[in-house]
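Could you slot chain B with the ligand onto chain A? The hints should help.
Each chain, letter by letter, is given below.
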Amino acid sequence: MTETTKPNGAWDVFMSELNALAEDQADRRALSGVDMLMLAPENWGKSAQIARSHDARWAGVWADDLSGRFRVDCCFECQGRYLILRTAVAAEHPELPSHAPFYPAADRAERHVRDMFGIRFIGHPLQEQRWTRHLAWADDEFPLRKDFPAQGFPQASTPPDKDYPFLKAEGPSVYEIPVGPIHAGIIEPGHFRFQAVGETVLHLEERLGYVHKGIEKIAEGRDPVSLAKLAGRISGDTTASHAWAACRAMEAAAGLSCSERADYMRGILAERERVINHLGDMASMCNDVGFAFGYYQFGRLRELWLRDNRTLFAHRLMMDCIVPGGVAVDLKFDDCAAMKETIATLRAELSDLIKIIDANSSLEDRFLAAGVFSPAQAQALGALGFVGRASGQVFDVRKAPGYPPYDRLDLTVPVETDGDVAARFWLRYKELRTACRLLEQMLEQMPEGAVLADWRTPEAGAEGFAAVEGWRGEILCYVRFDQGNRIARYYPRDPSQINWPALEKIQIGNIVPDFPVCNKSVNGSYSGQDL
Amino acid sequence: MLRLYLKALSTGVLTEPVPYIDKDRLLETVGLELKTAIGRKFSRSLAIRHIDAGSCNGCELEIHALNNVYYDIERFGIHFVASPRHADVLLVTGPVSRHMQAALLRAYDATPAPKWVVASGDCAACGGEFGASYASCGAVKNVLPVDATIAGCPPSPLQLMQGLLNTLKVL
Ligand code: SF4
Numbered sequence: 001m002t003e004t005t006k007p008n009g010a011w012d013v014f015m016s017e018l019n020a021l022a023e024d025q026a027d028r029r030a031l032s033g034v035d036m037l038m039l040a041p042e043n044w045g046k047s048a049q050i051a052r053s054h055d056a057r058w059a060g061v062w063a064d065d066l067s068g069r070f071r072v073d074c075c076f077e078c079q080g081r082y083l084i085l086r087t088a089v090a091a092e093h094p095e096l097p098s099h100a101p102f103y104p105a106a107d108r109a110e111r112h113v114r115d116m117f118g119i120r121f122i123g124h125p126l127q128e129q130r131w132t133r134h135l136a137w138a139d140d141e142f143p144l145r146k147d148f149p150a151q152g153f154p155q156a157s158t159p160p161d162k163d164y165p166f167l168k169a170e171g172p173s174v175y176e177i178p179v180g181p182i183h184a185g186i187i188e189p190g191h192f193r194f195q196a197v198g199e200t201v202l203h204l205e206e207r208l209g210y211v212h213k214g215i216e217k218i219a220e221g222r223d224p225v226s227l228a229k230l231a232g233r234i235s236g237d238t239t240a241s242h243a244w245a246a247c248r249a250m251e252a253a254a255g256l257s258c259s260e261r262a263d264y265m266r267g268i269l270a271e272r273e274r275v276i277n278h279l280g281d282m283a284s285m286c287n288d289v290g291f292a293f294g295y296y297q298f299g300r301l302r303e304l305w306l307r308d309n310r311t312l313f314a315h316r317l318m319m320d321c322i323v324p325g326g327v328a329v330d331l332k333f334d335d336c337a338a339m340k341e342t343i344a345t346l347r348a349e350l351s352d353l354i355k356i357i358d359a360n361s362s363l364e365d366r367f368l369a370a371g372v373f374s375p376a377q378a379q380a381l382g383a384l385g386f387v388g389r390a391s392g393q394v395f396d397v398r399k400a401p402g403y404p405p406y407d408r409l410d411l412t413v414p415v416e417t418d419g420d421v422a423a424r425f426w427l428r429y430k431e432l433r434t435a436c437r438l439l440e441q442m443l444e445q446m447p448e449g450a451v452l453a454d455w456r457t458p459e460a461g462a463e464g465f466a467a468v469e470g471w472r473g474e475i476l477c478y479v480r481f482d483q484g485n486r487i488a489r490y491y492p493r494d495p496s497q498i499n500w501p502a503l504e505k506i507q508i509g510n511i512v513p514d515f516p517v518c519n520k521s522v523n524g525s526y527s528g529q530d531l
Numbered sequence: 001m002l003r004l005y006l007k008a009l010s011t012g013v014l015t016e017p018v019p020y021i022d023k024d025r026l027l028e029t030v031g032l033e034l035k036t037a038i039g040r041k042f043s044r045s046l047a048i049r050h051i052d053a054g055s056c057n058g059c060e061l062e063i064h065a066l067n068n069v070y071y072d073i074e075r076f077g078i079h080f081v082a083s084p085r086h087a088d089v090l091l092v093t094g095p096v097s098r099h100m101q102a103a104l105l106r107a108y109d110a111t112p113a114p115k116w117v118v119a120s121g122d123c124a125a126c127g128g129e130f131g132a133s134y135a136s137c138g139a140v141k142n143v144l145p146v147d148a149t150i151a152g153c154p155p156s157p158l159q160l161m162q163g164l165l166n167t168l169k170v171l
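For the protein sequence lines, the chains are A and B, in the order given. Using this note's numbering, the first residue of the first sequence is number 1, and each one after it goes up by one. Using this note's numbering, the first residue of the second sequence is number 1, and each one after it goes up by one.
Derived by calculation from the structure, the hints in this document are not laboratory data. A couple of the hints might just be wrong.
From the structure, some residues in chain B lie toward chain A, with a derived Cβ separation under 7 Å [said to hold, decoys possible]:
no., residue
1, S43
2, S45
3, D52
4, A103
5, F130
Quick list of in silico lysine-lysine cross-link-like pairs, DSSO-like style, CA-CA up to 30 Å [unchecked claim]:
no., chain 1, residue 1, chain 2, residue 2
6, A, K340, A, K505
7, B, K141, A, K162
8, B, K7, A, K340
9, B, K7, A, K162
10, A, K430, B, K7
11, B, K141, A, K229
12, B, K141, A, K355
Idealized CB from N, CA, C, for every residue including glycine.
Next comes chain A alone, as it looks inside the complex (with noise of 0.2 Å):
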């Protein structure tokens, strides 16, 4: 791990580049402890190649009607601390310098702003072509825009969106498979278009947005127990760390921290969905190669665990365990002792299955080289969590300054280079044997205490920024509050929104019947991208 917490030279050089673009140096300000620069709408672009000459990770986009106006937030991360980037443009005439030139993280993301508030981010590559929006509302409906109503101007139908343009691939046997929405097994929906010659992908292209729920629009006008709530649905499998999220959100808007015991409970929460979700995917990446064994002995381990989560939590996923001021949850002595006692289990088991798996050639013929994503690739996408770390990117959120309680626990972020297949199998392994050490050091360290602590309304305009690392890497939050307790804002970037073009990048190159195991080694959210 390379010292990425501390302010060094390099963070500073990058922060008076930028503070030269901004407007005036009194309008820099914080944001729940998040430096923010202000920047004129003609300095956006500026600012997005002065980041990239630093390295600097494209992070997430999101804007804000404020009546008259659009207000434009970016977020960077350099050197491990974020930077958040401002400006806004005026309601007649909403256009600014696109990202996408310099970030392809940027890409998908200004196109969901431009169909849900109709900003045009010209220089965007793609700026015409649709993205969150299928046809649902029409051209000129904007669902963010306040002055659009959440029940919309819906058909009694919406018809399917069956003229969006992909890319085509022609020449002698070139051919052409469409998958999906609906998938063959019990899984998300969302359309994959390969193009193929012989069983070699020339190409692939994700058409995403099909389970689009309208989250940012349905949040608005909640109180902070129903956003939490409600942040805990964005992906089920993301559960405890959405609400995570979304509740650091919240409580740096209303200026209260959670006493050092919720803390610790939050994060053993968080460590569990770790734990769960990786061996899932364990067990599916072992399916999808017909590799029966790992399948049923890695699913056996999560069942266990799930039903730990019950007796512990009372509930399998642990669903609105997390709540606004602390946690509604609390472990006994005897249920720490009992936890203990299962993650030995668990780590004796795994050592005896990785042996299996290692000596097992041909699951190694199948993981080895397949779908690489090249360290290059991966910085170039600013990849995250185990998409990320398996392609020799080190960052984690973990590691950040004033995010309790890891900043009181000793963690190691486990990284490989080969970015295949195999190495992120083994990510999820060595994760699984880190959140093993982390939930047993918070079980010997969390101090007694009261678990929730009494919420305080934040103030009308009141904004509160957070970022936390779930299981799939970083998850970005941004609240801003209205009067009376009510959520005006809300918008959560889950890690899949940056990880989803990686399966594209991995995919060329390699047969069609290793599409499953790519993709479940990816292991994106359809719901957590499509909002």
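Just chain B with the ligand now, with coordinates in the frame of chain A:
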């Protein structure tokens, strides 16, 4: 390879009465009832096509769990099929997002009669946390005729089995 066999043997058969779940052997009871009902009404084989029409993916995780070694739902005659053309039952999860409405209707049309629709999970049953909006049609019954619902967010594997059993009773 030897290690693999040793591990498999020492793990043993876990699929069983599973009194583990609830002391009253609920899973076994429900499972046997299911098996009997499927035996009588579907010649011992019930084919289910699952369709995620807009779920948060929580419901899928628990439907997946039905196939793990503890529940092993196939032993009761239930299997999940890849095509609606092979299905007796469509098990639909999530509120129906407007972007999935056409695909869901097509899958329904592709399912041969007689067919039944089970709306599984609170979202599918009543709209759940998302309800109806510019982006969501809400409950499945707003889009398709629904024969039965299974409550829960998400329904646990055991609740899913009980829900399917209740469905079979009313068919
Ligand atoms: S019922 Fe719950 S778990 Fe199922 S899709 Fe709805 S929110 Fe997700």
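So, going through the hints one by one against the coordinates:
Checking S43 of chain B against chain A: minimum C-beta separation of about 24 Å lies over 7 Å; hint violated. A cut of 7 Å between beta carbons decides the hint on S45 of chain B: the least distance to chain A is about 18 Å, and the hint is violated. Proximity of D52 of chain B to chain A holds as hinted, the smallest CB-CB distance being about 5 Å (cut-off 7 Å). Evaluation of the A103 of chain B hint against chain A yields a held restraint, the C-beta minimum of about 5 Å falling below 7 Å.
For F130 of chain B, the shortest C-beta to C-beta distance to chain A is roughly 5 Å, which falls under 7 Å, so the interface hint holds. In summary, the hint linking K340 of chain A to K505 of chain A is not supported, as the alpha carbons are separated by about 41 Å, beyond the 30 Å threshold. Restraint check: the Cα-Cα separation between K141 of chain B and K162 of chain A comes to about 25 Å, which is no more than 30 Å; the hinted pair holds. Note on K7 of chain B and K340 of chain A: the hinted pairing holds, with a Cα-Cα distance of about 23 Å set against a maximum of 30 Å.
The straight-line distance between the Cα atoms of K7 of chain B and K162 of chain A is roughly 50 Å, outside the 30 Å bound, and the hint therefore fails. For the hint pairing K430 of chain A with K7 of chain B, the CA-to-CA distance comes to about 21 Å; that is within 30 Å, so the pair holds. Distance restraint check for K141 of chain B and K229 of chain A: the Cα-Cα separation of roughly 24 Å lies within the 30 Å cut-off, and the hinted pair is therefore satisfied. Note on K141 of chain B and K355 of chain A: the hinted pairing is violated, with a Cα-Cα distance of about 50 Å set against a maximum of 30 Å.
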